[in-house]
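Letter by letter, the chains look like this.
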Amino acid sequence: MDSVTLVRDYIGRLEALASSLPADRRAELVDEVEEHIEFALAEAGHADEATVRNVLDRLGPPSDIVAAEAGAAPTARMTTPVDEPLVAGSGAISTENRALLLLTLGAFVLPFVGPVLGLWVASGSARWSLAQKRTAGMIVAVLLALPVATIIPAIVSREITWVFSSAWFLIPFVPLSGLVAAAYLIATSTFELTVSRRRD
Amino acid sequence: MRGMVLSSTRKLLPELNRGIVEHCVLALIRDEESYAFEIVRVLGARGLVTSEGTIYPLLGRLRRDRLVSTIWRESDSGPPRRYYKITDEGRRVLDTFVVDWTGFRDAVDGLLDGSIQEGE
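Which chain is which? The protein sequence lines are A and B, in order. Letter by letter, the first sequence follows residues 1 to 200 in this note's numbering. Letter by letter, the second sequence follows residues 1001 to 1120 in this note's numbering.
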């Protein structure tokens, strides 16, 4: 087997085994391992079969890497609840808490805009998976769709009284979109923590 | 007999490593930021990791737990590298570990070399 095939085969096995991980984390992990191989081969100065085999041997079997990801030993921090205080160590509010604030409080203070900003902030979170972020986005989109389609055109054409007389039942959906998305994110994070704790 | 000792050694080391290597990484970057490949090499050279690849899940965990922060830096040779830096929270966790570990190590050492006797 030539060097390129060896590496491709190794990465292929890693990808297959890592399929149980959240998509964004899997991509990141595979990228990091690929980069490691590149660095190691660059350091060696050549990429003949023996060198590649040595690099891959040192990396260990892909199953070891995935097992380390899945059955991870918790660090000291993980034993504290996931809903950490608003003020993190450095004095800054964490990405997750900023997103939750925008989804909840923001949905009232900045109707329509707050939850969307919240989703944008949430997309930068390392703790929430891509699937979680997508679902939260879907929740906001679905719950905001009708109000956006009816209330905003009414406001634009200055028929606010019509909103209150005929479309009043849509008004609660405006803050609700953010609240439900926030509740979903909190609930799934707590659930994942419980599951991962049980596994340990 | 020999086979038994060897197999128990193999089982024991990963068990010992669990949770300890994390703190070794924090100690490695306590004074100076470093990148994954370098961290792996230092730990590997000291026999602290057997499968070098397992360091990446560990680094991911440290990032998620915000014990380290990362920054991408251009490199003279090859693609940009992700540098790891300890956070204030990471420092606190490391300080606690140093105290715990020192006590634990002394207790085990004492028992192993027989300086602590039963009933003492």
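In short, the hints are calculated from the structure, not lab data. All of these numbers come straight from a predicted model, not from anything done at the bench. Fair warning: there could be bad hints in the mix.
Claimed, not checked - Partial pick of chain B residues on the chain A-facing surface, computed with a CB cut under 8 Å:
hint, residue
1, S1034
2, G1044
3, A1045
4, G1047
5, L1048
6, Y1056
7, G1060
8, R1063
9, R1064
10, S1077
11, P1079
12, Y1083
13, T1102
14, G1103
To be verified - Derived Cβ-Cβ restraints for the label pairs, each shown as a range:
hint, chain 1, residue 1, chain 2, residue 2, range
15, A, P172, B, W1072, 40 to 46 Å
16, B, D1088, A, A44, 22 to 28 Å
17, B, S1077, A, P153, 56 to 62 Å
18, A, A27, B, K1085, 19 to 25 Å
19, B, D1095, A, S63, 45 to 51 Å
20, A, V156, B, D1095, 39 to 45 Å
21, A, E34, B, G1019, 24 to 30 Å
22, A, A27, B, T1050, 22 to 28 Å
23, A, L146, B, D1095, 29 to 35 Å
24, A, I11, B, P1080, 32 to 38 Å
25, A, A27, B, G1110, 46 to 52 Å
Said to hold, decoys possible - Covered stretches of chain A (chain B as the covering partner; in silico rule of three or more C-beta atoms under 8 Å from a C-beta of chain B):
hint, stretch
26, 20-30
27, 55-64
28, 145-152
Heads up, the beta-carbon is just placed ideally off N, CA and C, and yes, glycines get one too.
Any hints from earlier that this structure breaks? Give me their numbers in increasing order, please. 1, 3, 4, 5, 12, 13, 14, 16, 19, 20, 23, 24 and 28
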